[in-house]
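Residues per chain are reported as follows:
Protein chains: 2
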Amino acid sequence: MRIKRAILVLCSVLFQTLLCWGQSSSSNPSSQPGLHYKEVTGNEIQGRTTHAGAAFHRIDTAQFADIPANVKQLYTHSAGLYVTFSTNSTQIRAKWCTSPAKTYNNLAAIAFEGMDLYIKREGKWVYAGVGRPGSQDCTESTLVAEMDTEQKECLLYLPLYDSTDKLEIGVDSTADFEFSASPFNHRIPVYGTSIVHGASASRPGLAYPARLSRMSGLDFINLGISGSAKMEPQVADMIAEMQMDALIIDCVPNCSPDNITERTAGFIQKIRSEHPDIPIIAIEGAFFESGNFNRKIAEDMHLRNERFREEIAKLQKSDPHLFLIGAEGLMGDDHEGTIDGTHPNDLGFDRMIQKILPATKNILKGYNLL
Amino acid sequence: MRIKRAILVLCSVLFQTLLCWGQSSSSNPSSQPGLHYKEVTGNEIQGRTTHAGAAFHRIDTAQFADIPANVKQLYTHSAGLYVTFSTNSTQIRAKWCTSPAKTYNNLAAIAFEGMDLYIKREGKWVYAGVGRPGSQDCTESTLVAEMDTEQKECLLYLPLYDSTDKLEIGVDSTADFEFSASPFNHRIPVYGTSIVHGASASRPGLAYPARLSRMSGLDFINLGISGSAKMEPQVADMIAEMQMDALIIDCVPNCSPDNITERTAGFIQKIRSEHPDIPIIAIEGAFFESGNFNRKIAEDMHLRNERFREEIAKLQKSDPHLFLIGAEGLMGDDHEGTIDGTHPNDLGFDRMIQKILPATKNILKGYNLL
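Note that the protein sequences, when read in sequence, are chains B and E. Each residue of the first sequence is one higher than the one before, counting from 207 in the numbering used here. Each residue of the second sequence is one higher than the one before, counting from 207 in the numbering used here.
It is worth saying that the hints were derived from the structure and are not from the lab. You may find that some hints are simply not true.
In this list, chains with the same sequence are indistinguishable; a pair is considered to hold if it fits within one copy or across any two.
Stated by the list, open to error - In silico DSSO-like links for lysine-lysine, alpha-carbon gap of 30 Å or less:
#1 LYS308 to LYS330
#2 LYS244 to LYS523
#3 LYS523 to LYS330
#4 LYS523 to LYS561
#5 LYS476 to LYS502
#6 LYS326 to LYS561
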């Protein structure tokens, strides 16, 4: 049995190699001549509402001592954080370290703890390459190589579901390199569940707030916290303190029906008290495909959305800046848009965006944010 | 550092739990009362061209001694294999064992070694639930629960990128259960790369041959072999021996330009000699998004498709049953359809299907296969 197992492990290594065919640029050599690395130290990191606290955390966890421990921990994940820079390098590499955590059965490691690079071409952000995580906590990977030497604007997304502890960006030693300001306007946090957090996009740049930003030019900030978007009063206090121009709330799947009835009004009113005139857009939970035949899941999801609709409708009577996007059509109609019945795959995210983006743009135009 | 690491590992376990919110039905209890398990022993396994050889292999590896060892090994993966049955059980569980291999950074474990269940509703196959692999080689998982007791037709897909060594299906001990014949007509092998094999679909039922089958009612048989679809003469001999009503060849990304020039004619002519009248549909390789800025990858992919087009055009002069589907539009036009620049995510697969399915149906209608 031991020999059989050894052969199987050997085969596994062989297949790992085979799976990466055509990807020789993504190998992880321990050194590379003619390269210069720029460390990302703090203020260059975009996609967060503050530059206080640890460089790669989404919030200053020390500032908000009262929020639940799991919420605080989840905000140490680098979901939605990005770095922008311009360079004329022919290659872009990254060295980065994450926590020892490893991915889940419903998330590819590239999304969990990999890097994702876009480059601007003819006014649009275009996929350029990923940084593949290895088996160790620290990885070195080529994101793209063999480019021409024209000056390029680059946008690098950090890992979704792990904390990032260190990041260096490598370019040709002779190339220009300059960190740049965020290319996205205004500040629109998206508070929500694992779906906002990025499960189960295939890579960091495909989490839906990141796609919304590239498609609209607005800065949608990822405040997704897997399994933990329960509208606690302390979290309302935290969000209320943030600088923002609009807010999206997409937390229904994490809240019990009773949570929704008890907390929605207080949560939104607290934030509203600090931001009297901004648009707040609430989104119902997309129907769980795991409820296609499981009647309990279907009924439960139906009840959560019903309760949420009721609460939002009550608030809308005295709040003209509160909007609701309904669940209908968020996952399309072929039931193929999830990896596991709950978390959208990239097809499901694409359908969410097809509904959420035009509805959101329409609302934001009324506030001169577009 | 050890304490920090221990805390991080603990947190990782906590997040694993959180990520699975709403998925309590997918827990893996060691026993479950009121259940009866049916073992899948061999002939019930569909999606392969033969019932000879090991139960869960796609080909009888003993029969084809000459094919390259890595090709042979890859055909032990259960990609595209499925089991169909009818039951009125309120729940469906699975116990299965795979090899010790673990997934790659560009594939979620659910796709690599998980199970994927569909149930027929109003004439259509609808997603019902996944079997989540655990950390061990053998797993027990609830795919769906809390159903009504109407009789249902079920379709269970096996793991894509691992071998399956054992499979049992669990239903209520009082329920009816019967294995059924394949619901799909005719036999259309799809010979190709990791993309055919299933990388990087989010779950087994979303590999593109499986989707084509559910959408057309035809039996597209997965002959994808990651990194190894190189049109060797021995593989042509093997495919030529298979019973089939049509054939799809989607292997360009695994072949060097020289491979293509040297092997395409011989490969197709060998198969044609045994199947003089069937439609053979060749597909160009979808443009690699990793070539968006990497000029070498872009040129290389362009050259491969050009060579393939030339070879197919030459053969078409004397072969009226040979067809070509071009690369244009296979990945859409927003460059978001891959996980890593090479392997489609579910959005990329959806776009491939939008082009391949109507083109294929149109051809197959001419042969009375639809």
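Against the structure, the hints:
In this assembly of identical chains, LYS308 and LYS330 lie within 30 Å of each other by CA distance neither inside one copy nor across copies; the values are 33 Å within and 37 Å between. Within a single copy, LYS244 and LYS523 get their C-alpha atoms no closer than 52 Å, and across copies no closer than 57 Å, so neither meets the 30 Å cut-off. In this assembly of identical chains, LYS523 and LYS330 lie within 30 Å of each other by CA distance neither inside one copy nor across copies; the values are 40 Å within and 42 Å between. When the C-alpha separation of LYS523 and LYS561 is checked against a cutoff of 30 Å, the pair qualifies only within one copy, where the shortest distance is 25 Å, while the shortest distance between copies is 48 Å.
In this homomeric assembly, LYS476 and LYS502 never come within 30 Å of each other (Cα to Cα): the closest approach is 33 Å inside a single copy and 55 Å across copies. In this homomeric assembly, LYS326 and LYS561 come within 30 Å of each other (Cα to Cα) both inside a single copy, at 25 Å, and across copies, at 28 Å.
This entry does not satisfy hints 1, 2, 3 and 5, going by the numbered hints stated previously.
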